[in-house]
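> So the sequence lines, in the order shown, correspond to chains A and B.
Those letters in the first sequence? Residues 43 to 306, per this note's numbering, in order.
Those letters in the second sequence? Residues 43 to 306, per this note's numbering, in order.
Rather than coming from a laboratory, the hints here were simulated on the basis of the structure.
Source: prediction; values computed, not measured.
Please note that the accuracy of each hint is not assured.
Identical chains share a label here; the pair holds if one copy fits it or two copies do between them.
In silico DSS-like pairs for lysine-lysine, Cα to Cα no more than 25 Å straight-line [said to hold, decoys possible]:
no., residue 1, residue 2
1, K234, K180
2, K255, K234
3, K144, K109
4, K144, K255
5, K234, K203
6, K126, K203
7, K109, K180
8, K141, K109
9, K180, K141
10, K234, K270
2 protein chains.
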Amino acid sequence: MKLVTLIFSLSTIIISCHGLALDLDHGLSFSIFPLRLKSGLGGHYIPETSCSSWRLGVEAHNIIDWKTVPQECEDYVGNYLLGKQYREDSKAVTEEAYKYAKSLNLVGDGKDIWVFDIDETSLSNLPYYADHGFGVEKYNATAFNEWVDLGTAPALPESLKLYKRLLRLGFNIVFLTGRPDSQKDITLHNLKSVGFTTFQTLIVKDSTEYNGKTAVTYKSSERKKLEKNGYRIVGNIGDQWSDILGTNTGNRTFKLPDPMYYIS
Amino acid sequence: MKLVTLIFSLSTIIISCHGLALDLDHGLSFSIFPLRLKSGLGGHYIPETSCSSWRLGVEAHNIIDWKTVPQECEDYVGNYLLGKQYREDSKAVTEEAYKYAKSLNLVGDGKDIWVFDIDETSLSNLPYYADHGFGVEKYNATAFNEWVDLGTAPALPESLKLYKRLLRLGFNIVFLTGRPDSQKDITLHNLKSVGFTTFQTLIVKDSTEYNGKTAVTYKSSERKKLEKNGYRIVGNIGDQWSDILGTNTGNRTFKLPDPMYYIS
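Could you build all of it, start to finish, from the sequences and the hints given here?
Laid out in structure tokens, this is it:
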């Protein structure tokens, strides 16, 4: 009996440890992805240290210009995203952002702004990616746009909390997204339906002006316009390094985790 | 018998999973830190997701200007540094750096340089920090300088490997460190004794010129001088964001892990 208890206890530890314990309070309104474990008990629950290193390399901007998640990391990335660690990692970023925001004395003329990216920052496409190998599959524009056009992406809970706190501090919010102008209406609808109801503006990527331009170029240029119009970019948060690199990045930037895709 | 095997197998998983399995091939010549486990079997081997999030926040430059490692993360950070994950994480960075270096066509005039930071990049102070709470204790300049003056810091194995590979590719190496001029001789001795035998120059922080200046200012200024002298900074690697931010950062930068201290 003691042995059985011990085994059970050890199994529990392993499951929690590897992020297989699903966070039922994830705030995402999709059915839980049927996790595919590579094998039964006996050692294969260990996340590959190399997948963990790959993820860290991505987050710290060492590994760049990658096209897809390494095939062998699909389970690791899926478990990470559906487990507690993704939420905890996001929370560490947004709490730091709030701590910074709280420490400031805003001018209070409505020109203090905080820039939010949308995908994987304000809205989560995890329901889509859970059905598409968590970034292992090659990007499929048609399928992804069909998903976006549903307008049903859930909010990233930690970002929504940060957004509400920033509003209370007196910030104006600007959404700056790589989504094209054709998706502006559905994006506005989606944002509002999940709680992002109050903001200065939503900037989408003008297909003519920025045709073929990288996200770094497009976003830098739009931030420059904001500053020319008298706005002060006090904070800037995104899941991609291209959200926070380039020019006019803002006084301080924050990088949310995203091990699913890379945009340059 | 089967049950016993299973228990053993599960225990092994837990130990490896949490980085408690010490890497005997760590290449570091210090006696292994007596890991203090918070409690016996039963659930407390789980690393706190919050310490993992803190570390990620540090590596992705979200958490900045911190003075010491959070007290509750001492075991977590110690286990990380003495276990396999630190080596794996470093390897992911240096392999990416090598992949990049290999892809280039160097001019071949001896002016293609790669900048290496020293502490926690080329040389490891882990033997010192293992005796000082892995960054939990407040920085003690006297004690740390005594350690540096011994000149016995081991090489970071993955960085030494990258260094050798870069030399073979035809790069010149420049060491750029925040160590003061008074430690130049012992640093040269230490570098050479662990295998960093061939390099263009070692730049130390001039106490007069850079008195009170941040690492970002000092290193940017020294890199600018290098470029003025005709060198092309093709790559730049360090463990601190202050090694790779600022101006004249080089064509591509690489951030090695360091959850022990922060230098601005």
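> Next, verify each hint and record whether it holds.
Going down the list of hints, with the structure as the test:
For the identical chains of this complex, K234 and K180 are neighbours neither inside a copy (30 Å) nor across copies (47 Å), given an alpha-carbon limit of 25 Å. Taking CA atoms no more than 25 Å apart as the test, K255 paired with K234 passes in neither setting, with 28 Å inside one copy and 47 Å between copies. Taking the shortest alpha-carbon separations for K144 and K109, only the inter-copy value of 20 Å comes in at or below 25 Å, while the best intra-copy value is 37 Å. For the identical chains of this complex, K144 and K255 are neighbours neither inside a copy (35 Å) nor across copies (28 Å), given an alpha-carbon limit of 25 Å.
Within a single copy, K234 and K203 get their C-alpha atoms as close as 14 Å, which meets the 25 Å cut-off; across copies the closest is 52 Å, which misses it. Only within a single protomer do K126 and K203 lie at most 25 Å apart by alpha-carbon distance; the minimum there is 17 Å, versus 36 Å between protomers. Taking CA atoms no more than 25 Å apart as the test, K109 paired with K180 passes inside one copy only; the shortest distance there is 7 Å, against 42 Å between copies. In this assembly of identical chains, K141 and K109 lie within 25 Å of each other by CA distance solely across copies; the values are 16 Å between and 34 Å within a copy.
Taking identical chains as interchangeable, the C-alpha atoms of K180 and K141 lie at most 25 Å apart only when they sit on different chains, with a minimum of 22 Å there against 38 Å within one chain. When the C-alpha separation of K234 and K270 is checked against a cutoff of 25 Å, the pair qualifies neither within a copy, at 28 Å, nor between copies, at 53 Å.
Hints 1, 2, 4 and 10 from the earlier list are contradicted by this structure; the remaining hints agree with it.
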